[in-house]
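As they're listed, the protein sequences go chains A and B. Going letter by letter, the first sequence gives residues 38 to 233 in our numbering. Going letter by letter, the second sequence gives residues 294 to 485 in our numbering.
Everything labelled a hint here was simulated from the structure, so no lab data went into it. Take the hints with a grain of salt, since some may be wrong.
Stated by the list, open to error - If you want a taste of the chain A side facing chain B, the calculated C-beta under 8 Å gives, among others: (1) Thr-61; (2) Ala-66; (3) Val-116; (4) Asp-120.
Unchecked claim - Computed cross-link-like contacts, DSS-like style, restricted to lysine-lysine with a CA-CA straight-line distance of at most 27 Å: (5) B:Lys-326 <-> B:Lys-459; (6) B:Lys-325 <-> B:Lys-459; (7) A:Lys-46 <-> B:Lys-459; (8) A:Lys-96 <-> A:Lys-157; (9) A:Lys-232 <-> A:Lys-157; (10) B:Lys-326 <-> B:Lys-385; (11) B:Lys-459 <-> A:Lys-50; (12) B:Lys-459 <-> A:Lys-232; (13) A:Lys-197 <-> A:Lys-46.
Glycine included, C-beta positions come from ideal geometry on N, C-alpha and C.
Here's the letter readout for the chains.
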Amino acid sequence: MNQWKNFTKGFLKENPILVLVLGTCPTLAVTSSAINGLGMGMATTFVLLMSNVIIASIKNFIPSSVRIPAFIVVIASFVTIVDLVMQAYTPDLYNSLGIFIPLIVVNCIVLGRAEAFASKQNVASSAIDGIGMGLGFAFALTILGAVREILGAGSIFNYKFINPDADGILVFVLAPGAFFGLGFMIALVNMINSKK
Amino acid sequence: MEYLIIIISAVFVSNIVLAQFLGICPFLGVSKKISTAVGMTAAVVFVMALATLVTYLMFFYLLKPNNLDYLTTITFILVIASLVQMVEIILKKISPPLYQALGIFLPLITTNCAVLGVALMVLNPTRDYNLAEALVFTVASAIGFGLALIIFAGIRERLELQGVPKGLQGVPIALITAGILSLAFMGFAGLV
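Excised from the complex, chain A in its bound form:
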């Protein structure tokens, strides 16, 4: 398989959030700022990469009837590692992402790639698929976070570019803004993909 295509498919053609609409819960919840979106994206990328590699390398030893619980255990182990590492080294990010770090376990993207890709392909392809999909997820999360931060707080990556006393359009950093932002982003991608 063409590895470059395998890598880039996660960005636009098969973007997990914008095209497949998987993993919407963390997408909506953590994108109140660009930095949170990027942090969540990176954490998920790590879990995706590691679980894809491990599952691809042990797939021949797992009986197919218990494969889903086995995949979940592998994924949950890496999520626990991410959870502990983030708690130790990036406490601010850890606090603002909160409950959504352990919830990477139930992110459909991770189990979905394990089942649809890593359980059928070799280790190298699975690793590239994991990185590509993870970065596609991080990319969409960062963009959505940036849009919401710019509109809602008038800043980008915590750098404020409007008058420090002025407020942004507050609704965009609150819950409804997440739904509006993602809705319009998916509509835009639909339009771009249908033009091709």
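Assemble chain B onto chain A, guided by the hints.
Same frame as chain A, but now just chain B:
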């Protein structure tokens, strides 16, 4: 009175779907018809209450005393997955009509992040819930999920008949509708 505050805050003020973003997948997936939304709600209330009961006891009597906190994520997800499987098997044997009604929703619930989310939320030290409060909170959260789901299904049934611009059809218009609903629920913010 305390229970009433927990219930109102979980159902309206911090609704798990519209304010906390848990369980969005089933919220978008099974909200096309009111009847399926009702079935899903019943299944979620049932499984969530059971899951929190088991995970709460496990955390405070097994994991915590043995300093195994770091295994929380792994044990909880395994408990929930096997619980769902067990409920499915038991329902099939004991009550076929109930199984007929809830059966197709049960496998979907394992991937419903609201179940794991609520099981983890009741352990939050700032809440400091005892078992009864934890269960009340869980059932109220599940009802909040159901309320949002059923209202949303009602809106989507109407939306089917409207002329939606081509690019917005499907998921985008559903998300924007959910945003407006979430805006409406923000009106409850000052209640508790």
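Going through the hints against the structure:
Against a cut-off of 8 Å between C-beta atoms, the interface hint on Thr-61 (chain A) holds, since the closest Cβ of chain B lies about 4 Å away. The criterion of a C-beta within 8 Å of any C-beta in chain B is met by Ala-66 (chain A), whose closest approach is roughly 4 Å, and the hint holds. With 8 Å as the threshold, the beta carbon of Val-116 (chain A) comes within range of chain B, its nearest partner Cβ sitting at about 6 Å, so the hint holds. Annotation: interface hint on Asp-120 (chain A) holds; nearest CB of chain B at approximately 7 Å, less than 8 Å.
For the proposed pair Lys-326 (chain B) and Lys-459 (chain B), the alpha carbon gap of about 22 Å is at most 27 Å, so the pair holds. A distance of roughly 19 Å separates the Cα atoms of Lys-325 (chain B) and Lys-459 (chain B); the hinted pair therefore holds under the 27 Å criterion. Among the hinted pairs, Lys-46 (chain A) with Lys-459 (chain B) is consistent with the structure: their alpha-carbon atoms are about 25 Å apart, no more than 27 Å. Taken as a hint, the Lys-96 (chain A) and Lys-157 (chain A) pair is honoured in the structure, with Cα atoms around 8 Å apart against an allowance of 27 Å.
With a C-alpha separation of about 32 Å, the suggested pairing of Lys-232 (chain A) with Lys-157 (chain A) is violated against the 27 Å cut-off. Of the pairs offered as hints, the one joining Lys-326 (chain B) and Lys-385 (chain B) holds, with about 25 Å between alpha carbons and a cut-off of 27 Å not exceeded. Between Lys-459 (chain B) and Lys-50 (chain A), the direct Cα distance comes to roughly 19 Å. Compliance with the 27 Å bound is thereby established for this hinted pair. A hinted pair counts as satisfied when its Cα atoms are at most 27 Å apart, and Lys-459 (chain B) with Lys-232 (chain A) qualifies at roughly 12 Å.
As the CA atoms of Lys-197 (chain A) and Lys-46 (chain A) are separated by approximately 34 Å, the hinted pair breaks the 27 Å bound.
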